[in-house]
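> Chains A and B, in that order, give the protein sequences. Residues in the first sequence are numbered from 1 upward in steps of one, following full-length UniProt numbering. Residues in the second sequence are numbered from 1 upward in steps of one, following full-length UniProt numbering.
Because the hints were derived from the structure by calculation, they are not lab data. Possibly wrong hints are sitting among the right ones.
[Said to hold, decoys possible] Now the stretches of chain B that chain A is said to cover, found in silico as 3 or more residues with beta-carbon under 8 Å:
#, stretch
1, 63 to 75
2, 81 to 90
3, 97 to 110
From the three backbone atoms N, C-alpha and C, an ideal C-beta is built for every residue, glycine too.
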Amino acid sequence: MMSMVVRQSARAFRVGLVWLGIFLIAMPMLWALLTSLKPKGDTLTFPVAIWPESFTFESYSTLLFDTMFVQLFLNSVVVAVGTTLLVLIVGTLGAYGLTRFKFRGAELGAATILFTYFLPSTIIVVPIYLTINQLGLSDTLTGLVLSYTTFALPFALWMLRLFFQTLPVEIEQAARVDGASRLGLFFEIVLPQALPGIIATSLFTFIIAYNEYLFSFIFINSDAKKTLPVGINFIVKTSYEIEWNIVMAASVLMTLPVLIVIVSCQRYLLSGFGVGNTKG
Amino acid sequence: MATVRLSTLKKVFGTNAPAVDVDELKIENGEFLTLLGPSGCGKSTLLRMLAGLETPTSGRIMFDERIVNELDPAERNIAMVFQNYALYPHMTVAENVGYPLKKRGVPKDERTARIAEIAALLKIDMLLDRKPRQLSGGQQQRVALGRAMIRNPAVYLFDEPLSNLDAALRSYMRNELIRLHAKLRGTMVFVTHDQVEAMTMSTRIAVMEAGCIQQLATPDEIYERPATKFVAGFVGTPAMNFIEAEVVPDGATARIKAGDFTLDVTQPDGMTAPLQGPLTLGIRPEHILLGQGTDKAEITVVESLGNEQIITIDTGRRELVLRSTSGEKHRIGEHVTYALRPDRLHFFAADTGRRIGPN
Numbered sequence: 001m002m003s004m005v006v007r008q009s010a011r012a013f014r015v016g017l018v019w020l021g022i023f024l025i026a027m028p029m030l031w032a033l034l035t036s037l038k039p040k041g042d043t044l045t046f047p048v049a050i051w052p053e054s055f056t057f058e059s060y061s062t063l064l065f066d067t068m069f070v071q072l073f074l075n076s077v078v079v080a081v082g083t084t085l086l087v088l089i090v091g092t093l094g095a096y097g098l099t100r101f102k103f104r105g106a107e108l109g110a111a112t113i114l115f116t117y118f119l120p121s122t123i124i125v126v127p128i129y130l131t132i133n134q135l136g137l138s139d140t141l142t143g144l145v146l147s148y149t150t151f152a153l154p155f156a157l158w159m160l161r162l163f164f165q166t167l168p169v170e171i172e173q174a175a176r177v178d179g180a181s182r183l184g185l186f187f188e189i190v191l192p193q194a195l196p197g198i199i200a201t202s203l204f205t206f207i208i209a210y211n212e213y214l215f216s217f218i219f220i221n222s223d224a225k226k227t228l229p230v231g232i233n234f235i236v237k238t239s240y241e242i243e244w245n246i247v248m249a250a251s252v253l254m255t256l257p258v259l260i261v262i263v264s265c266q267r268y269l270l271s272g273f274g275v276g277n278t279k280g
Numbered sequence: 001m002a003t004v005r006l007s008t009l010k011k012v013f014g015t016n017a018p019a020v021d022v023d024e025l026k027i028e029n030g031e032f033l034t035l036l037g038p039s040g041c042g043k044s045t046l047l048r049m050l051a052g053l054e055t056p057t058s059g060r061i062m063f064d065e066r067i068v069n070e071l072d073p074a075e076r077n078i079a080m081v082f083q084n085y086a087l088y089p090h091m092t093v094a095e096n097v098g099y100p101l102k103k104r105g106v107p108k109d110e111r112t113a114r115i116a117e118i119a120a121l122l123k124i125d126m127l128l129d130r131k132p133r134q135l136s137g138g139q140q141q142r143v144a145l146g147r148a149m150i151r152n153p154a155v156y157l158f159d160e161p162l163s164n165l166d167a168a169l170r171s172y173m174r175n176e177l178i179r180l181h182a183k184l185r186g187t188m189v190f191v192t193h194d195q196v197e198a199m200t201m202s203t204r205i206a207v208m209e210a211g212c213i214q215q216l217a218t219p220d221e222i223y224e225r226p227a228t229k230f231v232a233g234f235v236g237t238p239a240m241n242f243i244e245a246e247v248v249p250d251g252a253t254a255r256i257k258a259g260d261f262t263l264d265v266t267q268p269d270g271m272t273a274p275l276q277g278p279l280t281l282g283i284r285p286e287h288i289l290l291g292q293g294t295d296k297a298e299i300t301v302v303e304s305l306g307n308e309q310i311i312t313i314d315t316g317r318r319e320l321v322l323r324s325t326s327g328e329k330h331r332i333g334e335h336v337t338y339a340l341r342p343d344r345l346h347f348f349a350a351d352t353g354r355r356i357g358p359n
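If we strip away everything but chain A, and leave its shape as in the complex, we get:
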């Protein structure tokens, strides 16, 4: 009897902890959403009113039609999608090579690659800036994509390599016996099996590139080429006062694409970390 009481209260405690976690994470987002729906004057009040007295989409229309938000948003999407594609193309081929071909230094190479990921971006930002500059790519989105690739690729390579390692090699051998070429079996047999891992990696890369601040801040000078994380800041600073409803509306809109992608890929994300298929 006693143990049941103990077990039930332990369970209640765990559930409580989970709700606390959810509250801590969701509350700021909810607040941002609610604030973005408030009229301009209602954002900072005392006592704090979380629930708006009246709802308005005024901040959204201001943001979309009177600021450069749409341009910045497109910049961010272009950079994030570009980085993701580049990382995927190089990453899948590279990771597959590291997994399936035996050559001197393969292990060391793989370890070194991961190590480069651990370097703080503040250390690599200057050398990369100089390099991008010499290539004539400073203040371009292409330069940003290349620089994001330098730190998104190592992690992607590592993650994809771990994923490829879980794929049974016999399936590829069967494909070779059945008449597939190396490249053919990579596209027809390996990639489809690695899809969950590839989706997880793409998401990760997309989010890194989409959220990145430091490189974007340093590399891009033209207002029209800024990405969202930097751009929101600059939308805000041009006004006399900080219009919190607009800042929050921007935050909400900026979160939306990531949210949509994650929700729609959740199934793959969950299976992306740690499943293979050897069992017959």
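Chain A is already provided as a structure; the job is to place chain B on it using the hints.
For chain B alone, coordinates are given in the frame of chain A:
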């Protein structure tokens, strides 16, 4: 369908002893040849060299009169069934079975027709739209077979394809494979460590140990006239009993002294030299007769299988395992007499383990 010929084939990994070292092996057209041996004996490596998945260190592999050493797996026109079936998980059964044809540019209509034909033959026609993970082990096995059969390969290669199945299904699939071989008349090379599979399905068996073929012969011959002590001990359940003995020739007879018993046997015909000196005596469990002779022993273990009993007896110097099919139920602790059938003794050289006797 093709004849396969290997000559002085060797595979060495790093600086180790050769994993495979085969002087000469000819697999006849339409033959079902089994490579039998314990794990690590090189049988799978040999098969993978036939497939082109492993490159020989030296030597030649020929399909009919063509040397295939340098050919990719795809160019050898072989079909292979793997232990884990290696089905393509993202393709349906029909796509799996049809994949080799697709890779050879066979038009879709023809492919569909062939898939239907093979599926009917293997009774997987109702599974064609399923994915491999929705199939049982036996069904996956059939799909893997179907994928192998669909394009009339020169050689079928099987890498322990039955070892993941449960006992009942394994016995059923053995039966099916025998039928298939009779129907297709294809050259098949089958790798297994299971002697029952080897004995039941093969035209010939190549017993391998440490990379070398110890004996290449029909199942009956392997069982009745094992070429080495290793083969004798590896094939047969329960395993052959081995007794270290000393033989003294005495005219037309040989007197075998084993400590606990002495046995006079006629010198086998056709020998260059009479049996003599230290050697290893081998006798199969069914050739030790209980209740006969004068040598005494005590029963220490009885394993009843219903129609027969596997009995371990202690002779005071050693334990011998025998098979009793008399129907009489023996019990542990029983004192019995036993005799070895003199006409069923095997002799192996004490040093090399090679069979002594006319060949």
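> For each hint, tell me whether it holds in the structure or not.
Going through the hints against the structure:
1. 63 to 75: holds (count 3)
2. 81 to 90: Result for this restraint: holds, n = 9.
3. 97 to 110: holds (count 4)
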